[in-house]
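Engineer: Single-letter residue listing:
Protein chains: 2
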Amino acid sequence: MQPFRKIAILGIGLIGSSLAHGVKRGKLADRLVAYDSNPANAARALELGIVDETAEYAAQAVKDADLVIFAVPIGGYADLGAAIAPHLAPGTIVSDVGSVKMAVIRDLGPSIPAGVHLVPAHPIAGTENSGPDAGFAELFDGRWAIVTPPPGTDEAATERVAALWRGLGSSVEIMEPGHHDRVLAITSHLPHLIAYTIVGTATDLEGTLQQEVIKFSASGFRDFTRIAASDPTMWRDVFLNNREAVLDVLQRFTEDLTALQRAIRWGEGEQLFDLFTRTRAIRRSIIDAKQA
Amino acid sequence: MQPFRKIAILGIGLIGSSLAHGVKRGKLADRLVAYDSNPANAARALELGIVDETAEYAAQAVKDADLVIFAVPIGGYADLGAAIAPHLAPGTIVSDVGSVKMAVIRDLGPSIPAGVHLVPAHPIAGTENSGPDAGFAELFDGRWAIVTPPPGTDEAATERVAALWRGLGSSVEIMEPGHHDRVLAITSHLPHLIAYTIVGTATDLEGTLQQEVIKFSASGFRDFTRIAASDPTMWRDVFLNNREAVLDVLQRFTEDLTALQRAIRWGEGEQLFDLFTRTRAIRRSIIDAKQA
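As given, the protein sequences belong to chains Y and C, one line each in that order.
Count the first sequence with the numbering used here and you get residues 1 to 292, in order.
Count the second sequence with the numbering used here and you get residues 1 to 292, in order.
Keep in mind the hints are simulated off the structure, nothing from the lab.
Check each hint, because a few of them may be wrong.
Listed next, the in silico EDC-like pairs over lysine to aspartate or glutamate satisfying Cα-Cα at most 20 Å (straight line) [unchecked claim]: (1) C/K215 x Y/E176; (2) C/K215 x Y/E173; (3) C/K290 x Y/D288; (4) Y/K27 x Y/E47.
Predicted, not measured: the structure shown is a model, and the values here were computed from it.
Sequences are here, hints too, so could you generate the full structure?
Structural biologist: What follows is the structure, encoded as structure tokens:
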């Protein structure tokens, strides 16, 4: 791909810093500038050598950039969008990495000037760690990146964003934004909600029992705590901004859990066995799809 | 420790075969015999060189054994116990590796002859794989093994079983059987139930959506599928045999989930943020306890 002239990354957390690593590795931009509402994060990125410069204000970061990437929690998009909008040159592409896509179009769409292209995206990759030191170039290798252009988006702009993600090592899928939010509600938002809940249930246990839960966590609980250690602000914003889709899958989940609870209460072993056999097959599909 | 003269392992699945590997590695028995209701499993263990002999009948396997270990799903204990009971020599120790302990005492206790010691145990270790080829000696290294002698158990017999687990690389905790079942209901049984449910909810999705769930599983869902790929028979028996404790923690979990659902519906971001921050601290405790 033709490198971008200047990429501005707004927000240097896990994903922002991994992006910076990946852009440097792939030589995907002539120049890379970082802005973060916490100046220490931007300074750290500069110190790590993963960006060329930092900006004190977001408006300053996006000046002359041909690609601007939002990598902050979704709740901050609207204000940040309004702040940079007057400083975007025609032809600039504005993208992001958020886990919800309809809300991005709702919050950024209105402030994007004519001639500027809004092409939201979402890399299906992450860890439970946060901050500029958590990033690494390999995070996106072999993973999916979903690009969700709103109807009527310039095709060349969509292709530029797709090419960026291919350059970062990912496979690209173009998807309708609302469909993205429904798929991610089940693959990502519900699992996180459940993990947060179960770890919370354990936190509320009496002192001694809680110590034992930590001690014997290797029996299953541990796997949930990793997910439930993800960034609190980012996840609060995901749930507040994908409300309908999350509540819908949560309803399905609760019905299924209630049926299982009833099967346990009445000793219906066959129903349990059948479900446990079906779920095993799903694991095999994931291994076959090389996503395990 | 003084090696056992002859250990009989009843059931050569993941745990039974890992036990065999570990006993060989640690030279913890002069002789090791395997019985499995599926003769192919026992034959495979012999072929792998992890046992010295196989027995066609369980009664034959326990002959002259000074330690007999049940490593079959809990639902099979009562029948297998009745079959071996007349063939147990006085002084023999009968133990097991099941994830539920009150049911073991209930099902095995009545058939254990006078002079034979019942010392149930539970290694906090496992993988999602099954069968004799899934076992490995390192499975128990650095993990906990919980030993749950019923009231009045011979102390020397309890110590022999504890020494076996230390020889297998584990740290030993002695625990009251009912307390074990309550702790494991939250650390292990509830997480498995939740994982099975969420993967089941996804399995029930319409065809295209299901394919996308598999494709984009790296966003959280994947971690649940590993747990939900565990052995169906074993887990059916766990839920049927730890019913009260599981239903009790499930009730707590459901209340917490309902509260969270309500917070999402009404946009109560602070409540979400507070929970997500608390759960992060639990992850840190697990890392500090070296169980991550």
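Engineer: So, for every hint listed, does it hold in this structure?
Structural biologist: Cross-check of the supplied hints:
no. : hint            : in the structure
1   : C/K215 x Y/E176 : 16 Å, holds
2   : C/K215 x Y/E173 : 10 Å, holds
3   : C/K290 x Y/D288 : 32 Å, violated
4   : Y/K27 x Y/E47   : 19 Å, holds
Against the hints set out earlier in the document, a violation occurs for number 3 only.
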